[in-house]
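Student: Quick note, the sequences are listed as chains A and B, same order. Numbering of the first sequence is given in our numbering, commencing with residue 1 and proceeding in unit increments. Numbering of the second sequence is given in our numbering, commencing with residue 1 and proceeding in unit increments.
These are calculated hints, taken from the structure and not from any lab test. Note that the structure is a prediction, hence the values are computed from the model and not measured. Just to be clear, a hint being listed does not mean it is correct.
List time: in silico DMTMM-like cross-link candidates among lysine to aspartate or glutamate, alpha-carbon distance up to 25 Å [claimed, not checked]:
1. LYS51/B x GLU320/A
2. LYS245/A x GLU320/A
3. LYS319/A x GLU160/B
4. LYS204/B x ASP280/A
5. LYS245/A x ASP39/B
6. LYS245/A x GLU63/B
7. LYS249/A x ASP116/B
8. LYS204/B x GLU103/A
9. LYS35/A x ASP314/A
10. LYS350/B x ASP39/B
11. LYS204/B x GLU320/A
12. LYS35/A x ASP252/B
13. LYS178/B x GLU160/B
14. LYS104/B x ASP116/B
15. LYS245/A x ASP252/B
16. LYS139/A x ASP154/B
17. LYS245/A x ASP153/B
18. LYS249/A x ASP140/B
19. LYS204/B x ASP261/A
20. LYS350/B x GLU312/B
21. LYS204/B x GLU31/A
22. LYS139/A x ASP252/B
23. LYS249/A x ASP138/B
24. LYS51/B x ASP261/A
25. LYS249/A x ASP192/B
26. LYS249/A x ASP261/A
27. LYS204/B x ASP140/B
28. LYS178/B x ASP140/B
29. LYS245/A x GLU115/B
To spell it out: a stretch of chain B is covered by chain A in this simulated footprint if at least three of its residues, at any positions, have a beta carbon under 8 Å from a beta carbon of chain A; those stretches are [as the list claims (entries may be wrong)]:
30. 192 to 199
31. 240 to 254
All C-beta atoms, glycine included, are put in the ideal place defined by N, C-alpha and C.
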Amino acid sequence: MHRFAAALFGLVFLSAVPAHALTIDEDQAAEPVRKLVAGFIQPAFQRFAENAELAAVAVNAICEQPGERTLGSARQAFADSALSFARVEFLRIGPLIQENRLERLLFWPDRRGIALRQVQGVLANADESVTDAANLPAKSVALQGFTALEFLLFGTGSDDMENGAGHRCRFAAAVAENIHAIALELNDEWQDEQGFASVWTSPGSDNATFRNAEEVVGELLSIPSEAFEIIRDQRLKPVVPEDGKANPKRALFWRSGLTMDFIAAGFEALRAYFETAGIDGLLPEEESWQARSIEFEFNNAEAALARLNMPIEDILADKERTGDLTYLVILSQSLQSLFGQQLTATLGLSVGFSSLDGD
Amino acid sequence: MRIFAPTGLIERRTLLKAAGGAFLAGLAPRAAAALADSDAVYATAFFDGYKEYGIALLTETGEIVHRYVLPERGHDSVFDPSGRRLVTFARRPGTFAAVIDTAKNAPPLVFHAPEDRHFYGHGRFSADARLLYATENDFDNARGVIGVYDATDDFRRIGEFFSGGIGPHDMAVLPGGKTMLIANGGLETHPDYGRTVLNVATMKPNLALVDLATSDVLAVHELPQHMHKLSIRHLSMTADGTVWFATQNQGDIHEIMPLAGSVSLDGELRLLDMPDEDLRAMRGYIGSVVANEAAGSVVFTSPQGNVAIEVEQASGTVLARHELADVCGAAAKGRGFFLSSGKGMLDGRKTRLAWDNHIVRRPV
Chain A
1 MHRFAAALFG LVFLSAVPAH ALTIDEDQAA EPVRKLVAGF IQPAFQRFAE NAELAAVAVN
61 AICEQPGERT LGSARQAFAD SALSFARVEF LRIGPLIQEN RLERLLFWPD RRGIALRQVQ
121 GVLANADESV TDAANLPAKS VALQGFTALE FLLFGTGSDD MENGAGHRCR FAAAVAENIH
181 AIALELNDEW QDEQGFASVW TSPGSDNATF RNAEEVVGEL LSIPSEAFEI IRDQRLKPVV
241 PEDGKANPKR ALFWRSGLTM DFIAAGFEAL RAYFETAGID GLLPEEESWQ ARSIEFEFNN
301 AEAALARLNM PIEDILADKE RTGDLTYLVI LSQSLQSLFG QQLTATLGLS VGFSSLDGD
Chain B
1 MRIFAPTGLI ERRTLLKAAG GAFLAGLAPR AAAALADSDA VYATAFFDGY KEYGIALLTE
61 TGEIVHRYVL PERGHDSVFD PSGRRLVTFA RRPGTFAAVI DTAKNAPPLV FHAPEDRHFY
121 GHGRFSADAR LLYATENDFD NARGVIGVYD ATDDFRRIGE FFSGGIGPHD MAVLPGGKTM
181 LIANGGLETH PDYGRTVLNV ATMKPNLALV DLATSDVLAV HELPQHMHKL SIRHLSMTAD
241 GTVWFATQNQ GDIHEIMPLA GSVSLDGELR LLDMPDEDLR AMRGYIGSVV ANEAAGSVVF
301 TSPQGNVAIE VEQASGTVLA RHELADVCGA AAKGRGFFLS SGKGMLDGRK TRLAWDNHIV
361 RRPV
């Protein structure tokens with residue numbers, strides 16, 4: 001059985017922090033991943049597939065019976081589907097990063113407004129090819145996922161679908177079906193007993209992806225670290241005003257008013273990730289305070305998010321709430337560092353100076 | 001959101017003060033005497049583990065001849081063809097470059113990218129040493145440019161040209177000095193979104209050949225479509241003008257892909273057929289590539305994979321594998337390589353500094 005013992009070097013080796021040599025065998029390393037897959041990842045992808053299906057049905061219903069009721073239901077189903085996606089979108093390993101699935105589901109950040117331009121272009125030309133979900137995978141990723149569907153259901157002109165559904169509705173139904181199809185693929189691959197979950201939990205010399213315990217745990221900890229960086233750099237910082245200029249339209253899902261719900265769902269899911277895996281159990285007794293630091297920051301984030309439970313434009317119109325948003329930036333930075341540096345260093349997995357955030 | 005210091009002047013003053021202090025404090029008498037001679041063979045950026053970033057000049061055996069403070073993290077450096085001046089660039093998305101005149105007892109001269117550009121961390125001198133080229137991001141237009149600086153006039157920026165793609169990183173001035181090969185990594189980034197890659201699904205890295213007199217893009221080499229997420233980043237040229245290139249996989253790093261290759265002077269692109277086990281060991285990431293003329297070899301370092309792999313240029317055969325945690329910096333030394341790591345290793349010795357990604361060797 002392969003064992004690894006790693007001391008603490010790198011940036012921290014110069015400081016007063018003692019080096020902890022930790023020994024975990026492959027089975028011990030795979031245990032938190034097994035718990036995570038069964039207790040969090042698989043149910044979360046299943047839920048996403050179910051909600052994506054409901055959204056596809058609900059959007060299709062507008063086309064069949066245009067009206068306020070069906071449009072309202074479809075918008076609600078979009079929100080449920082998007083928020084269940086928020087709970088898995090940071091699992092950027094295996095199935096989600098293959099075949100451009102992530103970008104097809106969520107083309108974001110979209111600094112130059114490509115999705116809006118392309119969706120409006122398709123609407124203006126009444127391009128029929130986009131009304132068949134089977135055609136979408138070959139089209140631009142900007143036409144395939146949640147940001148396109150959000151514009152179709154909430155953007156300028158969407159209210160007209162109450163009075164009569166035409167090309168726009170059929171396009172929206174195809175996008176919702178495409179999201180459902182991708183969600184099904186993701187769910188199938190995560191439930192597959194021979195799939196990525198099995199690869200991640202059976203390290204060894206014959207495993208081409210995870211050779212040893214260190215690589216298994218390294219992946220487990222790099223996911224939340226990267227997730228908090230994404231929340232900070234892509235979701236929060238572009239919206240936090242600089243020089244007093246607020247720009248709520250730079251927020252993800254501002255049209256549907258889901259900006260903060262999406263972020264809150266992400267934090268909540270990351271907490272579930274941490275707790276379900278039992279990452280605290282990997283820490284030596286004298287370092288268990290690090291798990292409490294993480295819980296503490298999660299609590300702080302929850303409290304801040306509770307105060308921020310409103311449309312992003314309302315937050316940005318209020319100085320105190322904007323302050324909470326800035327505080328959330330700091331918390332996401334802190335959580336990133338706790339997972340990506342402190343915890344990994346304690347476990348002897350410290351990402352090196354040269355490999356960190358590569359160049 | 002802006003990433004620049006308000007005027008550039010404050011940053012420069014702070015740097016001069018800091019650099020001056022370190023200059024005096026760090027200069028042992030023997031080192032002072034050695035400074036003007038040819039003891040300094042290598043240059044590489046470092047982090048001291050607490051707060052200070054810098055650039056160090058090293059002897060052939062890795063002794064520190066001198067170290068200078070940098071305002072932020074540095075990346076690659078380049079010596080002018082005479083070996084007298086050294087220019088170190090900020091790591092992306094940094095905006096400063098520091099010039100060290102190794103013949104003078106003076107703090108570095110600092111210059112900056114313009115407000116709407118940032119450096120990618122690499123630069124090259126023209127063959128006649130009069131111009132300095134730097135890879136830069138025209139981020140508002142998602143366009144790579146090569147900034148042109150007058151090395152005879154305090155590195156005043158005198159122009160720029162299109163790099164032939166997005167996200168230019170390393171480059172090489174080809175023999176004859178009339179053309180340049182540029183590694184356009186293909187990654188669209190914008191300071192508003194940190195280091196987030198904005199175009200993973202559509203990224204299209206290339207190697208662009210540019211005429212330095214006319215700025216025309218003469219040729220563009222692309223990898224096959226299924227390899228479009230391999231960001232071509234680093235280059236190393238041999239005397240016959242063959243340019244070795246190394247990539248970083250922005251897609252699924254567990255998918256085995258060729259990570260390196262070469263382009264000959266007549267434009268033939270070859271992918272290096274390395275054993276799967278070596279490709280896997282590098283975890284989709286090569287941090288630096290350096291050719292060794294004397295040995296006819298080339299080394300690829302992978303800090304993600306904690307390994308440096310030496311390959312014979314002619315046959316592509318793997319000659320040696322060096323396991324070293326967080327290895328990235330490499331330079332030719334004799335018939336082998338001088339390697340450094342972010343964990344303090346320098347040519348086989350443990351030091352108290354974290355060594356950054358690249359080492360440059362001073363021209364003889």
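Student: What hints, given by number in increasing order, does this structure fail?
Tutor: The structure breaks hints 1, 3, 4, 5, 6, 9, 11, 14, 15, 16, 17, 19, 20, 21, 24 and 28; every other hint is satisfied.
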